[in-house]
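Chains as they are written, first to last, in the numbering used here: chain X, 0 to 94; chain G, 153 to 647.
Check before you lean on any hint, since a few could be wrong.
Covered, in the sense of this in silico footprint (three residues per stretch, anywhere, with C-beta under 8 Å from a C-beta of chain X), are these stretches of chain G [as the list claims (entries may be wrong)]:
#1 182-188
#2 297-306
#3 541-547
#4 559-573
Far from chain G, some chain X residues (derived; all Cβ distances over 12 Å) [said to hold, decoys possible]:
#5 P50
#6 V66
#7 E84
Below 20 Å or equal to it, Euclidean Cα-Cα: the simulated SDA-like pairs (lysine to any residue) are [said to hold, decoys possible]:
#8 X:K12 / G:Q608
#9 G:K503 / X:V89
#10 G:K198 / G:I214
#11 X:K60 / G:V401
#12 X:K9 / X:L34
#13 G:K236 / X:N78
#14 G:K645 / G:Q608
#15 X:K17 / G:A492
#16 X:K9 / G:A506
#17 G:K158 / G:T174
#18 X:K12 / G:E507
#19 G:K459 / X:K9
#20 X:K60 / G:D393
#21 X:K91 / G:L491
#22 G:K503 / X:A88
#23 G:K459 / X:T32
#24 G:K545 / X:G47
#25 X:K91 / G:D393
#26 G:K459 / G:P578
#27 X:K60 / G:K236
#28 G:K413 / G:R515
#29 X:K91 / G:H490
I should point out that these hints are in silico values taken from the structure, not numbers from a laboratory. Ideal placement from N, C-alpha and C gives every residue a C-beta, glycine not left out.
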Amino acid sequence: MSIDQSTAAKVAKLARIKVEDDALPALASEFNTILGFIEQLNEVDVDGVEPMVSVTPMRLKRRQDQVTDGNQQDKVLSNAPDAREGFFAVPKVVE
Amino acid sequence: MSELNKLGLAEARDALRKGDVTSVELTESCLKAIEDADALNAFVHKTPEIALERAKAADARIKTGDAPSMCGLPIGIKDLFCTKGVPSQAASRILDGFKPEYESTVSQQLADAGAVMLGKLNMDEFAMGSSNETSVYGNAVSPWRRGNDDAQLTPGGSSGGSASAVSADLCLAATGTDTGGSIRQPAAFVGITGIKPTYGRCSRWGIVAFASSLDQAGPMTKNVRDAAIMLETMCGHDPKDSTSAELAVPNFEAMLTGDIKGKKIGIPKEYRMDGMPAEIEKLWSDGAEMLKAAGAEIVDISLPHTKYALPAYYVIAPAEASSNLARYDGVRYGRRAHLAQGDGITEMYEKTRAEGFGPEVQRRVMIGTYVLSAGFYDAYYNRARKVRTLIKKDFEDVFAAGVDAILTPATPSASFGLGEMTEADPVQMYLNDVFTVTVNLAGLPGISVPAGLDAQGLPLGLQLIGRPWGEGDLLNTAYALENAAGFVAKPGKWW
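Please take these sequences and the hints and turn them into a complete structure.
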């Protein structure tokens with residue numbers, strides 16, 4: 000499978016990473032190198048094999064669905080690039 | 153006592169208990185060594201005030217006669233661990249200025265045991281790399297050189313700062329993390345010991361996530377005994393990590409008898425790669441001879457899916473990374489790009505991530521996005537997870553046949569020069585992890601032990617792979633190998 004420039008642009012869009020148009024050919028070429036390497040996996044017979052979900056045969060722990068902490072608004076906001084009046088601030092989302 | 157920074161953990165612990173030295177003296181010696189070693193670019197955030205405060209507290213605790221092994225011992229912490237109030241940015245621009253309000257479980261356990269944090273250590277950005285060349289802080293540099301050649305060499309990656317710092321005696325030991333070989337490969341490159349425990353041994357809570365099903369923390373130390381001591385402090389069940397194992401942590405140090413009589417050591421034929429340097433081949437067979445001389449039985453084994461481990465890894469790890477790194481959006485923490493007039497929230501995400509992530513991280517996030525996207529999920533991601541099942545089964549089969557540990561080279565080459573791989577395609581760099589990545593995919597413990605020098609005077613390491621939860625036994629086999637190999641070389645100081 001070969002990735003062209005428009006696919007590379009689509010992937011960049013899905014990943015929310017801005018890639019300038021002039022960088023797309025090199026990006027597509029790198030993708031193709033890596034995917035070419037990955038395609039060795041097609042040689043493996045995986046019929047009837049279960050995809051791994053957990054590397055250790057253990058069930059994930061469960062806990063009561065209850066509040067365990069809270070009241071940390073200052074701490075939660077302390078690293079925000081833009082926090083105002085107790086909220087994270089972002090560019091206008093709704094017109 | 154002079155040059156206290158050159159001590160290992162066990163030696164320093166014993167000296168502290170005898171009252172021969174104080175933690176403050178040990179700490180000051182390391183802080184001085186760090187100040188003199190900016191050329192290595194290993195410590196990227198120094199915390200001398202915290203270090204001296206903890207050292208004083210440790211000295212008081214040691215006087216009471218009731219201090220754990222790690223009490224008063226100065227160590228470095230990889231930048232991937234969140235440390236309260238201290239910059240923790242995974243060597244990424246996107247976390248510029250981030251000071252966590254909390255402490256990772258592993259670094260908290262070390263602090264609770266009285267260990268002294270000297271500062272944060274350089275690494276590849278988000279632990280993605282094998283040469284510490286993707287860091288926003290610039291390259292970490294190995295203290296080793298090829299003979300009299302002054303070309304700068306890589307300390308390996310991603311835990312390159314940890315490797316450089318321990319090898320150059322800037323600290324007594326350091327934390328690392330290992331997703332595909334990021335503890336074991338750098339340890340091998342600089343002639344130190346590094347162990348990745350079984351998946352679930354160390355809590356991942358508070359460690360910046362790369363690929364959650366593969367990431368594990370572990371110690372990087374000057375010898376096997378030190379690894380046993382530090383690993384015990386780092387391990388243990390943590391309710392805040394749902395994949396953390398609810399298993400008792402043994403006294404690993406007490407298991408170091410050096411007696412491996414009757415142990416069955418497997419030599420996997422698939423690890424004999426085409427084009428493998430003769431020196432590595434010889435190191436490997438010498439290692440097998442040493443274990444045999446110590447009373448182990450050497451058996452040839454087969455791990456038939458080895459060849460597919462790296463390709464499977466380069467689907468699974470980027471897939472998980474693309475999901476984990478979706479959180480870096482310029483809203484809650486870190487750095488937001490400067491926006492133009494009229495830019496909306498999508499432009500904010502796209503510009504922030506384009507400016508904040510380096511090229512290798514962008515590449516892996518996008519590969520992960522692609523293999524998880526509609527239409528390709530089955531062909532790539534599910535297939536890779538099936539191959540992972542087969543890779544794990546390879547190991548289960550040999551352990552079921554009675555093999556206690558597996559001996560392999562740690563890396564396909566010695567350390568290489570910084571910048572030497574710049575022109576290579578990304579896959580060439582990925583091959584560094586060819587011997588280590590299987591262990592992460594199978595969730596097993598693996599340890600790298602320095603075992604010799606190549607013709608240019610650079611360290612080479614051997615890897616031992618153990619049974620799940622068998623770190624104690626694995627450390628003991630590594631201890632026997634260490635005793636037999638007698639590796640004592642140190643880099644000459646040029647920095």
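Evaluation of the provided hints:
no., hint, verdict
1, 182-188, "violated (count 0)"
2, 297-306, "violated (count 0)"
3, 541-547, "holds (count 3)"
4, 559-573, "violated (count 0)"
5, P50, "3 Å, violated"
6, V66, "15 Å, holds"
7, E84, "15 Å, holds"
8, X:K12 / G:Q608, "47 Å, violated"
9, G:K503 / X:V89, "14 Å, holds"
10, G:K198 / G:I214, "25 Å, violated"
11, X:K60 / G:V401, "19 Å, holds"
12, X:K9 / X:L34, "16 Å, holds"
13, G:K236 / X:N78, "12 Å, holds"
14, G:K645 / G:Q608, "17 Å, holds"
15, X:K17 / G:A492, "14 Å, holds"
16, X:K9 / G:A506, "15 Å, holds"
17, G:K158 / G:T174, "15 Å, holds"
18, X:K12 / G:E507, "15 Å, holds"
19, G:K459 / X:K9, "31 Å, violated"
20, X:K60 / G:D393, "9 Å, holds"
21, X:K91 / G:L491, "12 Å, holds"
22, G:K503 / X:A88, "17 Å, holds"
23, G:K459 / X:T32, "17 Å, holds"
24, G:K545 / X:G47, "14 Å, holds"
25, X:K91 / G:D393, "36 Å, violated"
26, G:K459 / G:P578, "18 Å, holds"
27, X:K60 / G:K236, "27 Å, violated"
28, G:K413 / G:R515, "48 Å, violated"
29, X:K91 / G:H490, "15 Å, holds"
Going through the hint list in order, the structure does not satisfy hints 1, 2, 4, 5, 8, 10, 19, 25, 27, 28.
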